[in-house]
Amino acid sequence: DVKVTQSSRYLVKRTGEKVFLECVQDMDHENMFWYRQDPGLGLRLIYFSYDVKMKEKGDIPEGYSVSREKKERFSLILESASTNQTSMYLCASSLAGEMGREQYFGPGTRLTVT
Amino acid sequence: QKEVEQNSGPLSVPEGAIASLNCTYSDRGSQSFFWYRQYSGKSPELIMFIYSNGDKEDGRFTAQLNKASQYVSLLIRDSQPSDSATYLCAANIAVQGGSEKLVFGKGTKLTVNP
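Top line first, the protein sequences correspond to chains A and B. Quick note on numbering: the first sequence equals residues 1 to 114 in my numbering. Quick note on numbering: the second sequence equals residues 115 to 228 in my numbering.
These are computed hints drawn from the structure, not numbers from a lab. If you're wondering where the values come from, they're calculated on a predicted model, not measured in any experiment. Misleading hints may appear alongside valid ones.
Stated by the list, open to error - Distance condition first, Cα-Cα at most 35 Å in a straight line; then the derived DSBU-like pairs of lysine-lysine:
#1 A:53 with B:116
#2 A:3 with B:116
#3 B:116 with A:13
#4 A:57 with B:116
#5 A:3 with B:156
#6 A:3 with B:181
#7 A:13 with B:170
#8 B:156 with A:13
#9 A:53 with B:220
#10 B:170 with A:71
#11 B:220 with A:13
#12 B:156 with B:170
#13 A:70 with B:116
#14 A:71 with B:156
#15 A:18 with B:220
#16 B:220 with B:116
#17 A:57 with B:181
#18 A:70 with B:220
#19 A:57 with B:170
#20 A:18 with B:116
#21 A:71 with B:116
#22 A:13 with A:53
#23 B:156 with A:57
#24 B:223 with A:13
#25 B:181 with A:55
#26 B:156 with A:53
#27 A:18 with B:181
#28 B:156 with A:55
#29 B:223 with A:3
#30 B:156 with A:70
#31 A:18 with B:156
#32 A:13 with B:181
#33 B:170 with A:18
#34 B:220 with A:55
#35 B:170 with A:3
#36 B:220 with A:3
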């Protein structure tokens, strides 16, 4: 079974703090993704990576950065947290392939910025 | 902007009935389509994927794909109260560099009434 884990289920941070969200997958997947999910807005892609040290901007990268130093680990960084970054953050991974491959999600981190 | 559209619902069906969930996509280049189920407060869970025109059956679930009409559907036979969840449709989109990402619809909320 594919397993994607995220470092925290719930996190409360103050405005201006630097926040690190960690994601680890154990199935040797090439691709990893960070999404946020908000009511009425659905899943929105923040950043993704298709190889170690590679990263691509998604649809809403502003205010975020990422790091992928090892194949199994993909970190999302909020450089200076703001209240509008309060959200559910979901990490996912997938194999690479000619056709789109299914993504497997971690349990999510519910981040509250006060 | 490449999109996946779903009726947000809520869709309400009685226990034992067939639930029909629909999805359209805008990118004719999409080749892979996915249905995820998401319970409240949980992360999305892959139910089915489909690549070819026609039907694909897995237990009580049937995915249908019509590439000419850019239409994907999910049928749930003998609906159970445990099927009550939000169902997300996704399609793959090619991006620069040969990698791919998924574009998700906002989801349809299904309620199965006992």
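Q. Regarding the pair residue 57 (chain A) and residue 116 (chain B), is the alpha-carbon distance no greater than 35 Å?
A. 16 Å, holds
Q: With a cut-off of 35 Å on the C-alpha distance, tell me whether residue 18 (chain A) and residue 156 (chain B) pass.
A: 26 Å, holds
Q: Please work out if residue 53 (chain A) and residue 220 (chain B) have their alpha carbons no farther apart than 35 Å.
A: Holds, because 31 Å separates the two Cα atoms, which is no more than 35 Å.
(Q) Against the 35 Å threshold, does the CA-CA distance of residue 220 (chain B) and residue 3 (chain A) hold or violate the hint? (A) 25 Å, holds
Q | Given pair status - residue 53 (chain A), residue 13 (chain A), alpha carbons within 35 Å | A | 27 Å, holds
Q: Take a quick look at whether residue 13 (chain A) and residue 181 (chain B) sit within 35 Å of each other, Cα to Cα.
A: With Cα atoms ~45 Å apart, residue 13 (chain A) and residue 181 (chain B) exceed 35 Å; violated.
Q) Are the Cα positions of residue 3 (chain A) and residue 116 (chain B) separated by 35 Å at most? A) Holds, because 29 Å separates the two Cα atoms, which is no more than 35 Å.
Q. Given the hinted pair residue 3 (chain A) and residue 156 (chain B), is their alpha-carbon gap at most 35 Å?
A. 15 Å, holds
**Q.** Hint consistency between residue 223 (chain B) and residue 3 (chain A) [alpha-carbon to alpha-carbon, up to 35 Å]
**A.** This hinted pair holds, its Cα atoms lying about 26 Å apart.
Q. Do the alpha carbons of residue 181 (chain B) and residue 55 (chain A) lie within 35 Å of each other, as the hint requires?
A. Holds, at about 31 Å.
Q.
Given the hinted pair residue 13 (chain A) and residue 170 (chain B), is their Cα-Cα distance within 35 Å?
A. Answer violated: residue 13 (chain A) to residue 170 (chain B) is near 45 Å, above 35 Å.
**Q.** Holds or violated: residue 3 (chain A) to residue 181 (chain B), with C-alpha atoms at most 35 Å apart
**A.** 32 Å, holds
Consistency note: the structure conflicts with the earlier hints numbered 7, 27, 32, 33.
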